[in-house]
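Generate coordinates for the entire structure from the input sequences, incorporating the hints supplied.
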Amino acid sequence: MTPTMVDTKVLTRAVELACRAPSLHNSQPWRWIAGGPTVDLFADPDRMVPSADSSGRESIISCGAVLDHFRVAMAAEGWDTMVDEFPNPNNLDHLASIDFVSAEYVAVARRDRAAAIVRRRTDRRPFGAPRGWASFEPVLRSAFDPALARLDALADDARPRLVEAARLNEALRRYDDVYQHELRWWTAPGRHDDGIPEALVNQQRAVDVNRRFPVDEHPRASSSGPQDQAKVLVLSTPGEARADALRCGQALSAILLECTMAGFATCTVTHVTELRPSRAMISELIPDAEAVPQVLIRVGTALPGRGAPEPTPRRRIHDVLELRR
Numbered sequence: 143m144t145p146t147m148v149d150t151k152v153l154t155r156a157v158e159l160a161c162r163a164p165s166l167h168n169s170q171p172w173r174w175i176a177g178g179p180t181v182d183l184f185a186d187p188d189r190m191v192p193s194a195d196s197s198g199r200e201s202i203i204s205c206g207a208v209l210d211h212f213r214v215a216m217a218a219e220g221w222d223t224m225v226d227e228f229p230n231p232n233n234l235d236h237l238a239s240i241d242f243v244s245a246e247y248v249a250v251a252r253r254d255r256a257a258a259i260v261r262r263r264t265d266r267r268p269f270g271a272p273r274g275w276a277s278f279e280p281v282l283r284s285a286f287d288p289a290l291a292r293l294d295a296l297a298d299d300a301r302p303r304l305v306e307a308a309r310l311n312e313a314l315r316r317y318d319d320v321y322q323h324e325l326r327w328w329t330a331p332g333r334h335d336d337g338i339p340e341a342l343v344n345q346q347r348a349v350d351v352n353r354r355f356p357v358d359e360h361p362r363a364s365s366s367g368p369q370d371q372a373k374v375l376v377l378s379t380p381g382e383a384r385a386d387a388l389r390c391g392q393a394l395s396a397i398l399l400e401c402t403m404a405g406f407a408t409c410t411v412t413h414v415t416e417l418r419p420s421r422a423m424i425s426e427l428i429p430d431a432e433a434v435p436q437v438l439i440r441v442g443t444a445l446p447g448r449g450a451p452e453p454t455p456r457r458r459i460h461d462v463l464e465l466r467r
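Heads up, the sequence shown is in this note's numbering, so the first residue is 143 and it goes up one at a time.
In case anyone wonders, no lab produced these hints; they're calculated from the structure. Some hints could be false.
Here are the computed lysine to aspartate or glutamate pairs in the EDC-like style, where the Cα-Cα straight-line distance is at most 16 Å [as the list claims (entries may be wrong)]:
no., residue 1, residue 2
1, K151, E464
2, K373, D298
3, K373, D350
4, K373, E279
5, K373, D299
6, K373, D294
Have a look at the derived ranges for each label pair, beta carbon to beta carbon [as the list claims (entries may be wrong)]:
no., residue 1, residue 2, range
7, D149, A422, 42 to 52 Å
8, V152, L310, 46 to 56 Å
9, S284, R466, 34 to 44 Å
10, T150, G447, 37 to 47 Å
11, A383, L310, 22 to 32 Å
12, L314, N344, 21 to 31 Å
13, N344, R466, 41 to 51 Å
14, V305, D335, 28 to 38 Å
15, S244, N344, 38 to 48 Å
16, S244, D299, 46 to 56 Å
17, P187, P453, 21 to 31 Å
18, D287, A450, 21 to 31 Å
19, A249, D287, 13 to 23 Å
Positions of the beta carbon are idealized from the N, C-alpha and C atoms, including for glycine.
Rendered as structure tokens:
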């Protein structure tokens, strides 16, 4: 198929929607260049979170999520996408080149999926158990190419070990001044286009597997409050290359959007994969001993009487998209 020029306004709308994708500390470590018939996605090393994500793995996962979000947004606009991953071997920050072919038909489900991008939130609060999980899990698995990543749903009796991994990670980071400063920097008041608002940080304290932030002086979940009954998913890959992380991010995007369309609340959990001791504990919980855990996802039912969390801020479109036409 011959790639087709797409109207700049369409591309701009799609990139703006795609940038609602989740990222570590809402760092948004991506940039886009549109020129000719092609759109290129780059990792932005200046927006890495170096202490938590020393290898840049999580920034590439974030870029994989924004890539899939972009494809979803373009599909809703009536365009099929063709992706060439890592097109420049001399620049590994050049993650993808995307070309377009006009779609013959846009199914309603394509538009529903794009609409889910706007509704999706990272909800750090406790969840009820996901209703109808047994019938939903096969649907979820069909939502992404299994070649991208492996999906495992942890049994409920794995929760204590998962909590132990979270506490181990917290203990290992306790005296890491650079890490603690980094958390404070990304959650500082007055951030208007990135980072995590304090109100959302405070929500996480009631869940025992969530990342602990320095601004949170309260203890972890206790028996007095609602207990998190989320189903915990693990996305893993065959290796630790940048390509593995990029593909994992695409699978992550598909899972989050499918869950959102089904009415479930979600929250990504990555801190337990950042240090090798806690990551090894997660490896013990999945069947494939050779798989590399990349990201965990809590999925559940939002508790009654609670509205959706407020959306986190996003960078302005002209800060992330360069037009060269």
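Range agreement (Cβ of A422 with Cβ of D149, hint 42 to 52 Å)
Holds, at about 49 Å.
Range hint 37 to 47 Å (beta carbons of T150 and G447) holds or violated:
holds, 44 Å
Honestly, do L314 and N344 meet the 21 to 31 Å range at C-beta?
holds, 24 Å
Would you mind confirming whether the straight-line C-alpha gap from K373 to D299 stays at or under 16 Å?
holds, 11 Å
With 34 to 44 Å as the target window, see if S284 and R466 comply at their CB atoms.
holds, 38 Å
Do S244 and N344 keep their Cβ atoms within the hinted range of 38 to 48 Å?
holds, 47 Å
May I ask you to test the hint 41 to 51 Å on the CB atoms belonging to N344 and R466?
holds, 42 Å
Just to be careful, I want the Cα atoms of K373 and D350 compared with a cutoff of 16 Å; is the pair within it?
The hint holds at about 13 Å.
Does E464 lie within 16 Å of K151 when you go C-alpha to C-alpha?
holds, 13 Å
Could you check the hint for me, namely that A249 and D287 are 13 to 23 Å apart, CB to CB?
The hint (13 to 23 Å, Cβ to Cβ) holds, given that A249 and D287 are roughly 18 Å apart.
CB-CB spacing for L310 and V152 relative to the 46 to 56 Å hint
holds, 47 Å
Outcome for the supplied range 21 to 31 Å, where the beta carbon pair is P187 and P453:
Because 26 Å falls inside the window, the suggested range holds.
Going through the hint list in order, the structure satisfies each hint without exception.
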